[in-house]
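Enquirer: One letter stands for each residue in the lines below.
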Amino acid sequence: MTTLLHDPPTRSTGTAPAVLVQDLVKNFGATRAVDHVNLEVTAGEIVGVLGPNGAGKTTTLRMLATLLSIDSGRAQIFGVDVAESPHVVRQLIGVTGQYASVDENLTATENLRLFGRLQGLSRHDARATATELLGRFGLEDAAGRPLRQFSGGMRRRLDLAASLISRPPLIFLDEPTTGLDPRTRGQMWDTIRTLVAEGATILLTTQYLDEADQLADRIAVIDHGRKVAEGTPDQLKAQVGSSTLILDLAEMDTEGRAAQIAGRVLGTTPFRSPEGRRLNVPVSDPGLVGDVLVALRQAAIEVTALQVTQPTLDEVFLALTGRDDEPATREEIR
Amino acid sequence: MSTATLAPVATAQRPLAVRLADSWAQTGLLIQWQLRRSAQSLPLLVLVQILLSVATIAGYGLLVGHPDHLAGLYLATGAPTVALITVGLVMTPQAVSQSRTEGSLDWLRTLPVPRGLFLVADLTVWTLIALPGLVLGIIAGAIRFDADLAPTWWLVPAALIVSLTSAAVGYAMASMLAPTVAQLMSQVLVFVVLLFTPISFPADRMPDWAQNLHAWLPLEPMAQVIRAGLAPHDFTVPGRSWIVLGVWCLAAVVGAGSALRKRG
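Line by line, the protein sequences give chains H and C. Quick note: the first sequence uses the numbering used here, first residue 90, plus one each step. Quick note: the second sequence uses the numbering used here, first residue 259, plus one each step.
Heads up, a few of these hints could be off.
[To be verified] Sample of chain C residues with no beta-carbon within 10 Å of chain H, all distances over it, derived: (1) G361; (2) L394; (3) V505.
[Unchecked claim] Computed, partial: chain C to chain H, Cβ under 8 Å: (4) A279; (5) D280; (6) Q284; (7) T285; (8) I289; (9) W291; (10) R294; (11) S362; (12) W365; (13) R367; (14) T368; (15) V371; (16) D466.
[Claimed, not checked] Coverage of chain H stretches by chain C, computed from C-beta distances (three or more under 8 Å per stretch; other residues unrestricted): (17) 154–165; (18) 193–201; (19) 207–217.
Hint data in this document are derived by calculation from the structure and do not stem from the laboratory. Cβ atoms here follow ideal geometry from the backbone N, Cα and C, with glycine treated the same way.
Looking at chain H on its own, in the form it has when it is part of the complex (with noise of 0.2 Å):
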């Protein structure tokens, strides 16, 4: 089976990272949009780059990708500086945005067959690729399909081939998953995670937490314009600093005695869980939560299962920026 990604590069420039920014900045008018960033991507990694509405990861990403000024800084793309060589840049990065690359009045083929050939493959190449892209990419049987009839997760499917075309060594993909429904953003999760697997280097901004958790080897956090945290999932969720206990209750009325009695031994805030029936406990020493079942058993209160967890990336960037992204989902019970 080929690889979809480059073939090793032709000329030595020694052991420079995938991507290296120092002390970014970019300003619009009095706004500044990127605040003194700094980030490093070893190649073979995939790094997310989180952040809500307007944090500064888009733009960040464009400065990267050439489309915009870099105001002050440095980013290096395999230690290509940006600012000064970004046409050699364009030879080693793809990019899937957040709006259509491709055409809707051209067939799926044709769109990679035209972009593969306008990025220097012969007409064979092209071909070739082409069909095995759209076969990777489950879109074999659209093929022939002008993208006008393709859904929505069709189309981001071949956005992100169409940036692969010439099997760049490195990928940006800007919020690759929004707007899709669940089901799609599985299959492009799929489709990312091979990439990695073949050994892409991928630079991702989400504003969608599960999705840094679920595809970052790393994660930067982007609020305001800075970044104010970096780590693995783990290690970000280790910041926060505490497990969760989840109970199962048999019954639901049993709740807020069951509440006040984990509360009590555990020291601690108990909330109901988003679908309910679940009652969340945050557990700052793991050593008690014997404890808290033999007073739930002596309190005649029936537990049907149990499990202890460690924080959510949601609890992680409302504790590094201080807000929740998404609606607020908890409601303490008292």
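Take the given structure of chain H and dock chain C to it, following the hints.
Expert: Using the frame of chain H, we list chain C on its own:
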């Protein structure tokens, strides 16, 4: 974790002949892409251009009845000039603004394709779209106003300069202004070009301030070169007009190229 140890050969290190061949091929592909993506609307666009050109002649005829020889020449040569300028100043910015709004222009700008080639490809496509209307407008004008036209050999390069200048101005306008503002500006320009520019009438009919203004704008020289190219026995192009048009052409191409290369 592994690290990248290699980088591509920089474009500047490739031989000039190879780069030129690549640019030529890429321009052809961009033209092909533009033509194929607008394949469905292409006949309509050509038809609109023909109608615009021929209808302008018909409209002029209704307005002035049976003009004298000189006025007839102005009208017969003015209509195709208006059609040619309209393509560059109006249709080009509208197409670029649409691409910006859709996001496809941004995506194209991430490809390793010299950005000036986008301008060349767009210009070629829009000139091809304008060509049938231009030719039919000239024929309609000659018939309607009984104008004795004798196109010269240099009309083709002159028309290309007019087309290039107006398309480059339109391109720069669409690249630098917000898409909605650019589209609005293009509509205002149609009005100005059609009614308040000495293209289909002599400049001395305009107030002094307007004549002085047009002495520095490219529109009157554009009209003069097309007029003299179509009716060389009746009109000549003042040397100053060639200079003004040349300067505008150069500035517009440099401006459009700069706008295309500009990064936010």
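Enquirer: For every hint, state whether the structure bears it out.
Expert: Verification of the supplied hints:
1. G361: 2 Å, violated
2. L394: 27 Å, holds
3. V505: With a cut-off of 10 Å, V505 (chain C) remains clear of chain H, as the shortest Cβ separation is near 28 Å.
4. A279: This interface hint is violated because 11 Å lies over the 8 Å limit.
5. D280: Hint on D280 (chain C): holds, closest Cβ of chain H at ~7 Å, below 8 Å.
6. Q284: Holds: closest Cβ of chain H sits about 6 Å from Q284 (chain C), inside 8 Å.
7. T285: At about 10 Å, which exceeds the 8 Å cut-off, the nearest Cβ of chain H leaves the hint on T285 (chain C) violated.
8. I289: 11 Å, violated
9. W291: It holds, given that the least Cβ distance between W291 (chain C) and chain H is near 5 Å, below 8 Å.
10. R294: 6 Å, holds
11. S362: 6 Å, holds
12. W365: 3 Å, holds
13. R367: 6 Å, holds
14. T368: 4 Å, holds
15. V371: 6 Å, holds
16. D466: 41 Å, violated
17. 154–165: holds (count 5)
18. 193–201: Result for this restraint: holds, n = 3.
19. 207–217: holds (count 3)
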